[in-house]
Every structure is written in C-alpha cells, then in structure tokens.
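Undergrad: Protein sequence lines correspond, in order, to chains A and B. Following the working numbering, the numbering of the first sequence begins with 1 at its first residue and continues without gaps. Following the working numbering, the numbering of the second sequence begins with 1 at its first residue and continues without gaps.
Don't take each hint at face value.
[Stated by the list, open to error] Mimicking DSSO-like on lysine-lysine, the simulated pairs with C-alpha atoms at most 27 Å apart in a straight line are:
| hint | chain 1 | residue 1 | chain 2 | residue 2 |
| --- | --- | --- | --- | --- |
| 1 | A | K80 | B | K159 |
| 2 | A | K80 | A | K179 |
| 3 | A | K60 | B | K159 |
| 4 | B | K184 | A | K133 |
| 5 | A | K219 | A | K162 |
| 6 | B | K87 | A | K80 |
| 7 | A | K60 | A | K124 |
I should point out that these hints are in silico values taken from the structure, not numbers from a laboratory.
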Amino acid sequence: MKQNQVKTMLQVENLSVNYGDFQAIQGVSLVIPEGSIVSIIGSNGAGKSTLLNTIMGINKPREGSITFENQLISGMPTNKIVAAGVTMSPEGSHVFENMTVLDNLLMGSYLPHLRANKEKQLEKVFSLFPVLKEKSNQLSTFLSGGQRQMLALGRAIMTGPKLLLCDEISLGLAPVVIKDIYVKLKEINQEGITIVLVEQDVTRSLKNSDYSYVMLKGKIAMQGESSQLNQEEVTDAYFGMNQYA
Amino acid sequence: MLQSLVNGILLGGLYAIIGIGMSLVFGIMRLTNLAHGDLMILATYTTLTIVTSVTGNLWIAVAATILVMVALGFLIQNFLVNRVLDKGSEPALLVTFGVSIFISNFLLKVFGADNKIIQNSLASKNVISTEHLSISAMYLFSFLVGIAVILSLHYIMQKTYFGRSIRATSCDRMAAELNGVNTKRTFSYAMMVAMVTAAIAGVLVGSTFVFYPSSGTQYLIIAFGVVVIGGMGSLVGTLVGGIVLGVAQLMGGHIFGSAYQMLSGYIVLLLILAIRPNGLLSVGARK
Ligand SMILES: Nc1ncnc2c1ncn2[C@@H]1O[C@H](COP(=O)(O)OP(=O)(O)O)[C@@H](O)[C@H]1O
Ligand SMILES: [Mg+2]
C-alpha cells in the first residue's frame with residue numbers, strides 16, 4: 001500500500017503512561033502515515049483513550065516521545081498541539097452543553113489564525129453534516145447521540161487539522177447512524193485529513209482503515225495492513241488469546 | 001411605599017454590579033472568591049487616594065483604579081489561584097480568604113479606621129423630587145451603570161471569541177483546550193474582567209455610602225446574596241438577584257422599620273433558596 005512512499009505524519013516511540021502507580025500504557029510505538037486512516041482496536045480498558053489523550057497533551061508521558069511532522073509535541077500543552085494541527089473528537093463527544101450548535105462550531109475556529117477562514121470552514125462542516133445547519137441555533141444539550149458525535153467531529157474539523165483523532169465515535173449509536181458517520185469520515189479523509197480511528201469493533205475497524213494496531217493491556221499486541229489482517233487472529237489478539245492461552 | 005420600591009430597584013442595579021464579578025469567577029472556575037468584597041473596597045480607597053492626592057478629576061481616578069485592579073487581578077490569579085486550582089477548590093478558597101484578610105488589614109494600617117466617602121457632585125442631587133417620590137441622582141446613576149455593565153458583559157459573552165472561550169472553559173475545560181484555548185490564561189482573563197466590575201462597584205459604593213477598611217465583608221455578603229438568589233454564573237440572574245435583594249431590603253425596612261432592613265433581605269434569600277435551591281435563573285444542570 002501507499003505507506004511506503006508517503007511521509008510519516010505522527011510517530012509515537014516507546015511511550016509509557018501512568019496513572020499514579022498504574023501503568024496504563026507500556027512501551028507503545030506506532031507510525032501514522034500522512035493521508036491514511038489508521039485504526040487502533042482494543043477492548044474496554046486497553047489504553048486506547050489514554051494513548052490519544054497523551055498525543056493531545058491531556059495526559060503526560062512517563063517515558064517516550066511523540067513527534068508530529070518532525071516536531072516533538074510530547075510535553076507541549078494541549079492548546080499548542082491543536083495549533084500545530086492535531087485535533088481530537090474525544091470519547092463521549094464533549095460538546096459544550098451550554099452553547100448553541102453554531103457556537104460550538106465557532107469554538108473550533110477559536111485560534112486567531114483560523115478566524116478569517118471560519119465561514120468557509122463552517123460551510124464545509126454544514127455540507128458534511130446538514131443536520132448541524134438545521135439545528136445551528138439550538139442548544140447542543142437537545143441533540144441526539146448521533147448529532148452530538150457529528151457536532152464533535154464538525155467542531156474538530158473547524159480547527160483545520162492535518163491529523164484527526166477519533167475516540168470511539170460509534171459508541172452507543174444505532175447501526176444506521178454509525179454507517180452514515182463512517183461514510184462522512186471517508187469524505188473527511190479524502191479532503192486530505194489523516195485519521196486515527198479508535199474502536200472496539202474489530203470488523204468495522206478493519207473495514208474502514210488502511211492500517212491497524214491492536215492494543216491489549218497497554219501494549220501493542222498485533223499490527224498490520226487492515227486488508228491483510230485475519231479477523232480471527234485480530235480477535236484473538238484483542239482478547240489476549242494467542243499470548244496467554 | 002412607592003419610594004421604597006423605587007429605591008429598592010435602583011439599589012438592585014448597584015447590588016448586581018457588586019455581585020457580577022463574583023458570579024463570573026464562580027461560573028468559570030467554580031471558585032467562591034472570598035476576597036471579592038475587600039478587592040472592591042481596595043478599589044474604593046485607590047480611587048479616593050488618587051482623587052485626593054494625584055488628580056482632582058474623578059474620571060481619571062476611576063480609569064486609573066480600573067487599570068490597577070486589572071493588574072492586581074492578573075497577579076492574584078496567575079501567581080496565587082492558578083497555582084493551587086488543580087488541587088481542587090478548597091485550597092483556592094483558602095487563598096482568597098488569605099487575600100481578603102491581607103487587604104482589610106492593609107487598608108486599616110494605611111488609612112486608619114475612620115469612615116470615608118468619595119466626594120462627588122451627584123451625591124446630593126435628586127433627579128426627581130416631589131412630595132411622594134424623590135430619586136437620588138447617585139442611585140439612578142449606579143442603576144444605569146449596573147445595567148450597562150451587565151448588557152456589555154452579556155454581549156461579550158454571547159458574541160465574541162473571548163466570551164465563547166470563557167463559556168466553553170466553564171462548561172468543559174478539556175474540550176476547551178482541544179479547541180486551542182489556554183484555559184489557565186482564560187481564568188486569568190476572567191479574573192481581570194471580574195476586577196473591572198469590582199473597581200466600578202467599589203467606586204459607586206464609595207460615592208454612595210461611607211466606607212471603612214472592614215466594609216469589604218458587608219459587600220461580600222451582598223454579593224453572595226445576589227449571586228445565590230440569581231443563580232451562580234448567570235448574568236441576567238445577577239441583575240434579577242440584585243433587584244430582588246434591594247427591593248426586599250428596602251420594602252422590609254419600610255414595613256418593619258429600618259432595623260429589619262438587612263434581616264428582611266436575607267429572609268427573602270432563604271425563602272428563595274428553599275423554593276429554588278439553585279437560584280432563580282441558574283445556569284442549566286451540571287454534570
Ligand atoms: N483518570 C484515570 N485514573 C486512573 N486510571 C485510569 C484513568 N483513566 C483510565 N484509567 C485506567 O487506565 C486503563 C486504560 O484506560 P483507557 O485508556 O480509558 O482505555 P480504553 O480507552 O482502551 O477503554 C484502564 O485500566 C483504566 O481503568
Ligand atoms: Mg476509551
């Protein structure tokens with residue numbers, strides 16, 4: 001596949017993250033090539049969110065480094081990492097409940113260099129998710145689960161990212177809604193935004209990504225091109241069968 | 001009766017601007033600023049000092065006071081409150097308590113315990129003066145300034161990137177950071193805005209009533225009452241809270257005698273709390 005010819009967008013090397021004494025991530029290394037969709041598959045508690053939060057600077061690494069476009073970002077504050085071009089749709093959407101849909105989206109264009117371009121970005125988001133335009137003056141509290149997820153994605157796109165991290169954007173949504181969101185995710189990727197997809201669903205992850213990593217108990221248990229990986233082997237790695245059987 | 005009602009409403013505008021800074025700080029960082037009243041009175045003394053010993057022009061003195069208070073707000077937030085805010089709200093609460101004690105003792109040391117007032121041309125004037133009703137120019141002016149400050153803040157909060165970043169930070173700090181907001185800096189900005197309102201409130205109060213180094217406590221209690229009645233963190237609620245408290249005090253004083261003025265204000269406060277524990281116009285339910 002294209003991984004070989006393209007530039008590395010994000011490189012995580014030997015990353016370890018602790019919560020107190022508890023090692024949530026141990027020695028994780030991974031590479032996200034520019035333009036790709038990379039999925040990180042793992043069961044509940046595998047350390048996926050911790051990994052993404054650490055890339056975003058919300059958690060601090062105990063060990064290891066994170067490099068984005070040849071710039072060391074581990075240790076930088078979250079707002080600087082966002083300004084550099086990495087953004088995240090966090091697990092559980094985290095829309096601003098006290099604000100309208102439009103104000104939520106405008107928060108995405110908060111950084112001064114984004115403000116001049118906000119109308120164009122808004123149009124892009126509204127054409128991806130027309131329902132957000134319909135509801136733009138409603139408080140985000142009144143949105144459905146799927147609409148919230150769209151709003152979180154739309155808000156992330158407003159920040160004009162090069163790399164978009166998606167933490168369980170299908171969590172708790174109906175299958176039709178999930179399908180719709182994944183179609184949009186492909187469109188976002190075709191616009192040139194590199195995507196990291198965190199998922200618990202093996203089939204969906206492999207189907208929608210170029211490359212996959214399987215996480216188990218804070219470590220990478222398996223990796224490979226998504227089209228080459230065998231679903232049963234992935235499932236075994238996911239539950240830790242091949243190592244601890 | 002009518003006189004008490006009108007004065008209560010006008011006083012409410014002043015109360016609202018006393019409470020607004022406290023409401024703002026609570027709304028964004030869940031911090032009860034126990035130094036709010038003392039910071040107000042510090043502004044009052046600052047204006048008095050500038051107007052008596054630097055320039056005779058009250059407007060210049062007020063502008064200078066606002067600048068001093070904004071700088072002080074930045075220092076307090078940046079070097080004291082932000083340092084402890086990550087450890088929970090109790091340490092930060094204690095910091096504001098310390099600031100409060102420091103300011104009132106500092107004022108006592110420098111200015112002595114005598115009462116003071118900021119002389120001004122409005123204090124002795126009435127805009128309306130009939131047999132049944134007289135309206136003090138100073139009360140009316142305070143009321144109008146209170147409304148103007150609240151409307152300006154409302155506009156800033158709803159329509160500017162700065163205001164949205166404050167609302168976003170108060171709702172979900174992590175998500176605000178994910179949109180590029182430096183939330184610690186936003187806290188400092190919010191404190192600075194609160195100090196602008198405290199400076200204005202301090203000048204209005206000092207031009208209307210006599211004050212002492214210890215007056216801060218009295219205004220902290222009023223700010224607290226306003227914010228609790230109106231609902232923490234709500235701008236419109238602050239105005240409503242101010243007016244409810246002002247009217248309750250003056251009507252109570254009119255009916256039961258002026259000795260019961262303060263008491264009747266706080267009885268109404270307790271009644272409202274019993275019926276609506278989050279205040280009349282609280283910002284929606286928190287997670
Ligand atoms: N804030 C936290 N404090 C302590 N432990 C945490 C915290 N967040 C996550 N953990 C623990 O770290 C591990 C990884 O969690 P997480 O990264 O959320 O996993 P995932 O996203 O794959 O479900 C889990 O065992 C979880 O209990
Ligand atoms: Mg997770």
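Undergrad: For each hint, tell me whether it holds in the structure or not.
TA: Hint check results:
no. : hint              : verdict
1   : A:K80 <-> B:K159  : holds (24 Å)
2   : A:K80 <-> A:K179  : violated (33 Å)
3   : A:K60 <-> B:K159  : violated (34 Å)
4   : B:K184 <-> A:K133 : violated (32 Å)
5   : A:K219 <-> A:K162 : holds (26 Å)
6   : B:K87 <-> A:K80   : holds (23 Å)
7   : A:K60 <-> A:K124  : violated (33 Å)
When held up to the earlier numbered hints, the structure conflicts with 2, 3, 4, 7 and fits the remainder.
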